[in-house]
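**Q** Protein chains in written order, with UniProt numbering: chain A, 1 to 313; chain B, 1 to 313; chain C, 1 to 313; chain D, 1 to 313; chain E, 1 to 313; chain F, 1 to 313.
Hints listed in this document are in silico derivations from the structure and should not be mistaken for laboratory results. Be a bit skeptical, because a hint or two may be false.
Pairs count within a copy or across copies, as identical chains cannot be separated in the list.
In silico DMTMM-like cross-links for lysine to aspartate or glutamate, where the CA-CA straight-line distance does not exceed 20 Å [stated by the list, open to error]:
| id | residue 1 | residue 2 |
| --- | --- | --- |
| 1 | 31 | 73 |
| 2 | 112 | 55 |
| 3 | 103 | 179 |
| 4 | 289 | 179 |
| 5 | 31 | 114 |
| 6 | 289 | 256 |
| 7 | 227 | 107 |
| 8 | 103 | 141 |
| 9 | 112 | 240 |
| 10 | 32 | 56 |
| 11 | 289 | 102 |
| 12 | 3 | 114 |
| 13 | 103 | 10 |
| 14 | 82 | 144 |
| 15 | 32 | 11 |
| 16 | 32 | 10 |
| 17 | 32 | 179 |
| 18 | 227 | 304 |
| 19 | 48 | 117 |
| 20 | 289 | 121 |
There are 6 protein chains.
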Amino acid sequence: MKKLRELSVDETFEAFVLLKTADVRVARNGKKFIAFTFQDNSGTIDGKYWGASDEDIATFTTGNVVLLNGKRELYQNMPQVKIMHLRLAKEGEPTDPSLYMEKAPIDIDEMKQEFNDYLLDITQAKWHRIVRHILSKYQKEFFEYPAAKRNHHAFAGGLAFHTLTMLRLAKSVSQEYTELNPSLLYAGVMLHDLGKVHELSGPVATEYTLAGNLLGHIVMVDEEITKACIELNISELDEEVLVLKHVVLAHHGLLEYGSPVRPKIMEAEILHHLDNLDASMQMMLGSLKQVNPGEYTERIFGLDNRNFYLPNI
Amino acid sequence: MKKLRELSVDETFEAFVLLKTADVRVARNGKKFIAFTFQDNSGTIDGKYWGASDEDIATFTTGNVVLLNGKRELYQNMPQVKIMHLRLAKEGEPTDPSLYMEKAPIDIDEMKQEFNDYLLDITQAKWHRIVRHILSKYQKEFFEYPAAKRNHHAFAGGLAFHTLTMLRLAKSVSQEYTELNPSLLYAGVMLHDLGKVHELSGPVATEYTLAGNLLGHIVMVDEEITKACIELNISELDEEVLVLKHVVLAHHGLLEYGSPVRPKIMEAEILHHLDNLDASMQMMLGSLKQVNPGEYTERIFGLDNRNFYLPNI
Amino acid sequence: MKKLRELSVDETFEAFVLLKTADVRVARNGKKFIAFTFQDNSGTIDGKYWGASDEDIATFTTGNVVLLNGKRELYQNMPQVKIMHLRLAKEGEPTDPSLYMEKAPIDIDEMKQEFNDYLLDITQAKWHRIVRHILSKYQKEFFEYPAAKRNHHAFAGGLAFHTLTMLRLAKSVSQEYTELNPSLLYAGVMLHDLGKVHELSGPVATEYTLAGNLLGHIVMVDEEITKACIELNISELDEEVLVLKHVVLAHHGLLEYGSPVRPKIMEAEILHHLDNLDASMQMMLGSLKQVNPGEYTERIFGLDNRNFYLPNI
Amino acid sequence: MKKLRELSVDETFEAFVLLKTADVRVARNGKKFIAFTFQDNSGTIDGKYWGASDEDIATFTTGNVVLLNGKRELYQNMPQVKIMHLRLAKEGEPTDPSLYMEKAPIDIDEMKQEFNDYLLDITQAKWHRIVRHILSKYQKEFFEYPAAKRNHHAFAGGLAFHTLTMLRLAKSVSQEYTELNPSLLYAGVMLHDLGKVHELSGPVATEYTLAGNLLGHIVMVDEEITKACIELNISELDEEVLVLKHVVLAHHGLLEYGSPVRPKIMEAEILHHLDNLDASMQMMLGSLKQVNPGEYTERIFGLDNRNFYLPNI
Amino acid sequence: MKKLRELSVDETFEAFVLLKTADVRVARNGKKFIAFTFQDNSGTIDGKYWGASDEDIATFTTGNVVLLNGKRELYQNMPQVKIMHLRLAKEGEPTDPSLYMEKAPIDIDEMKQEFNDYLLDITQAKWHRIVRHILSKYQKEFFEYPAAKRNHHAFAGGLAFHTLTMLRLAKSVSQEYTELNPSLLYAGVMLHDLGKVHELSGPVATEYTLAGNLLGHIVMVDEEITKACIELNISELDEEVLVLKHVVLAHHGLLEYGSPVRPKIMEAEILHHLDNLDASMQMMLGSLKQVNPGEYTERIFGLDNRNFYLPNI
Amino acid sequence: MKKLRELSVDETFEAFVLLKTADVRVARNGKKFIAFTFQDNSGTIDGKYWGASDEDIATFTTGNVVLLNGKRELYQNMPQVKIMHLRLAKEGEPTDPSLYMEKAPIDIDEMKQEFNDYLLDITQAKWHRIVRHILSKYQKEFFEYPAAKRNHHAFAGGLAFHTLTMLRLAKSVSQEYTELNPSLLYAGVMLHDLGKVHELSGPVATEYTLAGNLLGHIVMVDEEITKACIELNISELDEEVLVLKHVVLAHHGLLEYGSPVRPKIMEAEILHHLDNLDASMQMMLGSLKQVNPGEYTERIFGLDNRNFYLPNI
């Protein structure tokens with residue numbers, strides 16, 4: 001079976017796909033139809049299911065895996081599927097939604113191992129205990145969640161993958177500038193986005209939670225450090241705690257980007273730079289892999305709406 | 001004895017005053033002098049003490065009350081004192097520094113009483129318990145601290161006075177717009193600036209603390225609510241808690257002003273407006289009371305550097 | 001008969017409604033249709049009238065009341081009416097357009113009475129005469145006009161209602177800050193938006209006038225004060241006149257918002273704060289009353305495109 | 001006698017000069033001195049008069065002409081005069097202050113003649129009458145006032161000279177773009193800065209008036225048009241009047257620069273461009289004439305703090 | 001034959017027109033259609049060609065001239081053509097695309113003559129040689145290219161016409177301000193936008209080139225001056241060369257608009273003003289000629305999204 | 001001999017120092033003095049030389065090495081030297097100015113070696129040839145110049161050191177993101193600031209050159225690539241050349257920071273991030289090494305005027 005991204009225009013195909021979204025609407029003729037987004041791990045494509053019965057509507061809902069017979073077409077320059085037949089996947093067929101979702105390029109177990117190594121490199125005792133405590137409390141979510149609803153690292157495992165990439169960059173940078181404290185940098189990197197396990201609803205059909213909207217992930221990880229201190233009997237007034245909280249609170253760099261304080265410590269400033277660098281890189285890669293050499297990407301919202309060019313070299 | 005603000009140019013005087021600052025410097029001739037700022041509860045004035053001995057330097061330090069004989073002069077259009085004689089105040093003389101500092105225009109006990117009344121008007125049980133718990137923990141500091149290092153409400157008791165004024169405004173506004181929840185508004189007002197008891201060093205020679213610089217008062221009051229929930233056995237996930245935290249976190253209104261989230265709840269938006277209004281009012285009053293009708297104030301930093309005119313009417 | 005906002009999806013109904021807009025267009029098949037917006041005092045709903053004859057087009061024009069038989073549907077997630085039958089309302093039926101338009105929550109006569117009381121509280125003679133003179137000249141329009149084409153107070157009587165709310169807030173604030181001059185504040189509030197009787201075309205199908213586009217309401221009320229001075233034989237150079245004009249000219253607070261000067265007098269600054277507060281409050285209420293507890297509003301353009309949450313408490 | 005700008009360092013000289021400012025201060029030794037700014041029509045220079053007696057202070061006041069014996073020196077890289085002798089100019093000597101002030105490069109009578117020619121070119125009757133009416137009312141001030149307190153055209157006659165230069169540019173531009181209405185452009189140019197006769201205190205020791213601070217010159221010329229309409233019995237509602245007012249109100253181009261409306265008519269946009277061009281040109285010339293080829297000017301506040309280079313060509 | 005802009009609604013017509021764009025799409029019924037934009041020298045109009053065969057698609061491509069029989073209609077308030085018949089223009093019929101494109105209002109030969117006159121007025125030898133060298137290298141493109149892909153001067157010959165208009169304005173301004181160096185101003189004007197012959201793809205179906213996107217026209221004309229110096233054996237270090245390059249590099253005035261340096265020389269500042277003035281004028285004229293007196297234009301993107309009013313005078 | 005930074009207050013000392021600046025001024029008493037800034041490789045200190053004779057002024061000029069006997073004092077909280085004796089260094093004493101200037105922390109020969117290694121890693125032929133050609137042309141200046149007049153890397157060899165640090169970071173980042181083209185990244189890094197050899201006057205008493213002010217270093221390196229192409233017979237139109245120029249032109253990231261284009265290629269975006277990171281790091285280190293743990297630095301202009309805290313950990 002071909003993947004969705006591999007189909008050419010006017011090609012007919014059969015494929016197991018995940019129903020990523022399934023919105024019921026009314027057509028001009030008064031009849032209902034379902035506007036689907038189908039997904040496999042190569043990408044997504046839209047398609048309309050005309051004249052949907054009430055039973056169809058009850059059957060084909062978000063999160064189900066279906067067997068789709070269709071034809072890839074272009075509608076107003078956008079690819080879409082003309083649906084020819086559709087049924088739910090049966091037992092014995094590949095019905096696990098996670099098979100159809102984009103994943104981090106590294107295996108979870110490998111990532112866990114590498115995290116452990118970095119954790120051991122946090123040699124300052126209080127930071128080590130706090131980070132270990134919080135990570136173990138949210139281990140499951142941390143390795144499953146995306147890093148965002150859309151834009152960069154918006155895939156299952158994206159949160160851990162983004163954090164891991166930053167740990168590796170932090171290591172290179174610490175080696176280049178020996179004045180930096182690697183323990184503080186690693187501890188800050190590990191925690192900086194962890195509040196997203198509260199801010200986002202999970203790896204599938206990711207939405208912002210109420211807490212995410214009202215508090216934001218930056219404040220929520222600060223609260224986690226506060227609670228960890230109580231649970232570990234570490235004084236919140238210790239300078240080590242203030243400094244770790246600061247590095248995490250300041251990581252968006254500018255107040256306009258949601259940090260309540262700007263970096264006032266060298267490691268906070270650097271963590272912000274690395275976060276920016278990895279996010280930019282990931283957004284560029286996400287768009288550039290959809291074009292051929294000599295072409296421009298679409299405009300990327302998170303990069304000030306710039307489009308990028310893939311050189312022909 | 002005349003107050004400092006009552007003196008005319010070239011008038012000689014004798015007065016007990018507080019040494020607000022006392023900086024030792026070297027003159028062009030190589031001798032040391034002390035640059036004083038003298039303070040009584042009518043205002044402040046600068047004066048230089050030429051040819052200071054090491055003993056003088058050890059004696060006349062910040063926070064002491066002295067008996068000053070001097071003459072008020074103008075130097076480059078700014079008032080200053082020509083110091084004729086200076087000695088420490090003795091026992092039996094008015095040596096309590098707080099006698100010379102600006103104070104809130106209402107007595108502390110009256111303020112406490114009025115606070116209690118508003119606390120009783122918080123009828124939602126969780127908010128009532130959380131606010132009562134935190135206020136009683138920091139009651140002493142709350143009624144002593146200024147609301148800022150400079151600018152608005154920068155006087156002893158200023159924090160409580162600012163909060164009380166906002167409670168009264170909140171009451172009027174709740175009566176005008178009945179859709180507002182007065183319990184939420186009062187709870188938010190009471191807590192909104194309470195983090196300043198951690199952010200500022202205290203009522204005398206007020207400075208920002210390390211925690212103030214690294215975390216800021218907005219995050220610190222959020223942490224206090226987190227701790228109160230633990231101590232009171234209230235779930236942090238309750239919508240009442242999220243909403244209360246949000247109202248407090250969002251009170252600066254804009255991310256650029258240090259709130260990590262913008263108001264997304266009606267009462268958060270209104271609290272921000274009332275905070276702005278009282279701060280503007282207090283800054284204008286502070287400057288306007290130093291000029292006569294028909295004159296302009298100096299430019300006020302916190303009001304976009306505007307100067308204000310006192311009409312001749 | 002049910003109101004438009006009370007209908008459920010797929011419900012058929014009959015109702016008298018106002019034709020708020022009636023745009024004639026050509027369908028893909030070359031035939032004409034009319035795109036209606038129907039309105040009653042609970043809200044509005046769109047509906048298309050297919051295959052309209054020239055007679056239909058001449059009959060069903062903006063501002064007429066019709067009897068509508070239809071079915072409420074959803075089209076691309078937006079409510080619309082499937083029109084089953086339509087005829088003009090006849091004599092004896094409720095044909096007065098004002099029955100179908102949103103209104104200020106207070107009766108006009110009550111508002112007039114309350115305005116008179118505030119007018120008596122303007123004790124400074126020149127301000128009193130000027131305000132009374134202008135208000136009586138435009139009394140009819142002042143109590144009929146909306147305060148805006150859309151956004152806040154965009155309903156018949158909205159201008160007077162917005163002004164009245166601000167007078168009440170001004171009264172509370174004057175009582176809290178006794179340094180404010182209530183006469184000046186009331187006079188400024190009463191006149192601040194009065195130029196809108198020139199800027200807007202009226203309560204129905206409100207548009208900006210040419211004068212509104214080329215001069216704006218702020219300048220036009222300044223001109224009204226100039227003319228009032230001539231007619232009342234008050235010197236334009238009197239400080240009372242300059243100060244009143246300033247309070248009115250500066251009420252948008254920032255040059256970017258169209259005030260030619262920024263507030264330089266205490267009452268001008270406060271009037272700006274109260275104007276902001278009431279506009280924000282009205283925009284939030286307008287959106288929040290369309291959602292249920294636990295839901296978010298749509299994004300509100302006039303509030304920096306934020307959406308708001310209605311707590312579940 | 002040499003002019004002030006012609007003196008070299010360490011040169012002694014005798015010259016009649018105007019006392020532009022004369023501020024009394026107290027020196028470190030407790031004695032009074034006067035800080036003078038001397039002016040002739042080539043420029044200004046500062047000098048301190050040490051040990052001033054009360055009689056000196058009463059004699060040497062702003063606006064008097066004096067005979068100064070002094071020596072030009074450098075103090076902290078700024079030129080200053082060491083005063084050797086000073087006395088008031090006597091009868092028979094050149095005591096008229098206007099002899100010492102910078103002037104427009106064209107004679108007033110020539111300017112008046114050229115204005116009349118342009119006035120005749122305003123062929124639209126209402127604009128012609130309004131402009132003639134206002135200009136004749138303020139003719140004296142219009143030809144005496146500067147166009148600003150500092151920055152561009154800050155010299156006696158500067159207002160008329162700036163207006164005249166813009167009329168000439170307007171003529172060239174109208175000839176290049178025949179779609180422009182020269183009558184409207186000339187009428188707008190003639191009135192655009194006329195409000196400065198109210199905004200500024202006059203040609204000597206120019207300050208902002210209270211009306212200037214509270215209303216600004218843009219609003220005040222709009223009021224003048226309103227009054228002219230009443231006096232000339234022209235309806236304020238005529239489109240010709242609205243359009244003329246608009247061109248004047250919009251001439252600062254951006255709300256941030258104090259126009260209450262942005263240009264919405266071609267001639268308003270062009271008037272704004274020409275105003276900008278002449279102001280920039282005048283500021284550059286003012287600074288460049290103080291440097292030699294191959295040198296940079298000081299930074300010019302009104303041009304975003306840029307400095308300019310005079311090429312060596 | 002009528003021009004496209006002269007047709008009234010529902011009028012049938014026959015006309016030779018250029019296929020400006022021809023996009024193939026799939027309709028809801030699965031059949032292909034072509035979305036055309038037709039153009040003649042009065043303007044453009046869209047039209048859909050339903051049920052296009054593969055032969056139609058191969059025949060009716062961008063850049064061809066066709067004979068169109070159609071009916072002008074309104075679809076959603078926008079004019080469109082209902083296509084009744086379509087065929088390619090034959091030999092002997094007016095098949096030259098340039099007949100259907102908008103042109104500069106002056107004949108190319110006249111423009112060339114006027115350019116030569118201005119070139120002779122560049123009396124500084126190095127500037128004269130450099131400008132002559134570059135202009136003769138790109139003479140053909142310079143007189144054919146538009147000045148932009150859209151917005152101002154987006155027509156064949158627009159680049160030369162824009163440059164010529166600026167030369168005329170530069171002459172007037174140099175006469176008004178005799179301190180300006182007309183040679184430098186003319187040389188700067190002639191070169192300022194010449195890099196557009198590299199930045200844009202040409203007069204038909206204008207797009208940005210890769211070099212245009214990656215380097216921009218400002219840098220490319222600087223490179224041309226560098227190369228001209230090498231070819232003419234003029235030292236790049238000569239102040240005349242630096243100054244000429246600066247005037248060209250700085251002509252966008254602000255860094256935000258793409259100039260790598262802000263104007264630091266009088267002529268650079270003035271060139272920027274004139275460029276702005278002509279661009280604004282051209283954008284306003286382009287929009288205003290599409291409306292009648294008493295109407296507003298559409299919003300103009302390049303003028304901060306303002307709309308303009310054409311007075312009824 | 002002690003270094004300047006090692007002296008305590010009131011300590012007398014003798015030291016060879018470089019005269020970094022020597023400005024002649026006139027004191028209030030009319031006598032001349034010289035305001036010196038003395039420098040050794042630990043830092044700088046100011047001192048005034050009162051009553052300077054014309055011979056002193058001719059002797060003690062910028063760039064000379066002197067033997068200074070003095071006493072370190074505090075004047076208005078800033079350290080200064082009271083000069084007790086001063087003479088020029090004689091032959092046989094350490095008179096080489098470079099001994100007293102701050103230097104890059106790596107030896108020049110080591111840097112050259114490392115550069116060569118990176119040059120070999122540019123495997124794309126055209127980029128390799130262009131970079132080698134330009135570097136060899138400016139080799140001497142490249143390894144001597146600072147990277148800025150002040151702020152980051154403002155020391156001899158700073159330009160090469162900054163470039164080398166970025167090469168190392170570029171290597172780490174290329175290894176982490178294998179989609180990046182290391183040849184392009186290295187070529188871009190090597191050239192990105194090379195224009196500073198034209199923009200700055202040299203390692204001693206560094207000033208901006210006229211070319212630096214009028215063109216800027218970004219444009220000048222683009223010109224160097226243009227010339228290199230001519231000299232190496234590489235077509236300027238090759239995509240490899242366009243792409244290399246783009247990476248260099250875009251390295252300031254934002255138009256507001258002086259890049260004429262924003263990054264549109266992945267390697268351009270990353271080069272900008274690395275440049276930012278190293279500049280921030282260098283500015284922080286420069287300030288932090290002047291404070292003790294537990295202290296704040298002064299505000300750093302290039303980092304938005306933030307001050308930084310050195311943790312006590």
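**Q** Each hint needs a verdict: does it hold in this structure or not?
**A** A quick look at each hint next to the structure:
{"no.": "1", "hint": "31 to 73", "in the structure": "between (23 Å within a copy, 11 Å between copies)"}
{"no.": "2", "hint": "112 to 55", "in the structure": "neither (44 Å within a copy, 60 Å between copies)"}
{"no.": "3", "hint": "103 to 179", "in the structure": "between (36 Å within a copy, 18 Å between copies)"}
{"no.": "4", "hint": "289 to 179", "in the structure": "between (37 Å within a copy, 10 Å between copies)"}
{"no.": "5", "hint": "31 to 114", "in the structure": "neither (54 Å within a copy, 54 Å between copies)"}
{"no.": "6", "hint": "289 to 256", "in the structure": "neither (31 Å within a copy, 30 Å between copies)"}
{"no.": "7", "hint": "227 to 107", "in the structure": "neither (31 Å within a copy, 38 Å between copies)"}
{"no.": "8", "hint": "103 to 141", "in the structure": "within (15 Å within a copy, 50 Å between copies)"}
{"no.": "9", "hint": "112 to 240", "in the structure": "neither (26 Å within a copy, 36 Å between copies)"}
{"no.": "10", "hint": "32 to 56", "in the structure": "within (10 Å within a copy, 29 Å between copies)"}
{"no.": "11", "hint": "289 to 102", "in the structure": "within (14 Å within a copy, 40 Å between copies)"}
{"no.": "12", "hint": "3 to 114", "in the structure": "neither (31 Å within a copy, 47 Å between copies)"}
{"no.": "13", "hint": "103 to 10", "in the structure": "neither (29 Å within a copy, 42 Å between copies)"}
{"no.": "14", "hint": "82 to 144", "in the structure": "neither (33 Å within a copy, 46 Å between copies)"}
{"no.": "15", "hint": "32 to 11", "in the structure": "between (27 Å within a copy, 16 Å between copies)"}
{"no.": "16", "hint": "32 to 10", "in the structure": "between (26 Å within a copy, 12 Å between copies)"}
{"no.": "17", "hint": "32 to 179", "in the structure": "neither (65 Å within a copy, 38 Å between copies)"}
{"no.": "18", "hint": "227 to 304", "in the structure": "neither (37 Å within a copy, 33 Å between copies)"}
{"no.": "19", "hint": "48 to 117", "in the structure": "neither (49 Å within a copy, 58 Å between copies)"}
{"no.": "20", "hint": "289 to 121", "in the structure": "neither (35 Å within a copy, 25 Å between copies)"}
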